[in-house]
Amino acid sequence: MKRLFAFASFIFLMLLTSCGGPKAYFDYDQNISFNQFQSFNFYPEMDSGLNQLDEERLKKALTVKLQEEGYTLTEIPDFKINFYTEIFKKQNNNTIGIGVGGGAGAVGGGVSSGVPLGTSKVYMSVTLEFANAIDNELYWQAVVEHKIKENATPEERMLFFTEIVNEALENYPPEE
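In mature numbering (1 follows the signal peptide of the UniProt record, and there is no 0), the protein residues as written are -24 to -1, 1 to 152.
Rather than coming from a laboratory, the hints here were simulated on the basis of the structure. Please note that the accuracy of each hint is not assured.
Stated by the list, open to error - Pairwise CB distance ranges, derived in the manner of DEER restraints:
#1 Thr129 / Asp23: 22 to 28 Å
#2 Gln28 / Lys(-2): 32 to 38 Å
#3 Val40 / Thr95: 20 to 26 Å
#4 Lys65 / Asn11: 38 to 44 Å
#5 Asn11 / Thr95: 44 to 50 Å
#6 Ser15 / Asn127: 20 to 26 Å
C-beta: ideal position from N, C-alpha, C; glycine also.
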C-alpha cells in the first residue's frame, strides 16, 4: 500500500510540475542606460504572424502594461516595439511502463510496453523586440512561450496575450 501511495504521489507531482504558465527568456545590451527610454510606439509595418485581431490584442496588452509602468505612447518615441510569433507543438514524452510476465518450471517470459501520457500540446512563441527609435538598434528582447487554448473566446485570447506581456515585462527594465 505504501508503494502505491508513493507511486501515485510521484505521478501527481509530475503532472503538477509539468503544467505551467508562460516561460520567458531575455537578452539585452548591457551598455545601454534604460533610463533614456520613456516613450514608445510600434513599428508601422510588422510581420507578426498574427491575424489582425490578435495583433491588436497584443498591442493593447503591451500598451496597457507599459503605461502602468510609467511609459508614454507617443508619435515620436524613444523606443519602438516589434513583435513576431511562431506556433509549434511539444510532444509529451511521459510514459507509464506496463509489464506482464509469467513462467512455469524453468521457462519464463514477459512482455512490456510504454503507454504515453497525454498528447502533444500547441504553443505560441512570442518575440518582443525594443529598439532605439533614433538608430533602430535592438537593445532588449524577450521570447515568451505559452500553451495555446484552441477555440479560445476573444476574452480568453486577450487574457492569453496579457499573460505573455506580463511575463515578458516582469523584469523590464533589467536591474542596472
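inquiry  = Check the structure against each numbered hint from earlier and tell me which ones fail, lowest number first.
reply    = Numbers 2, 3, 6, in rising order.
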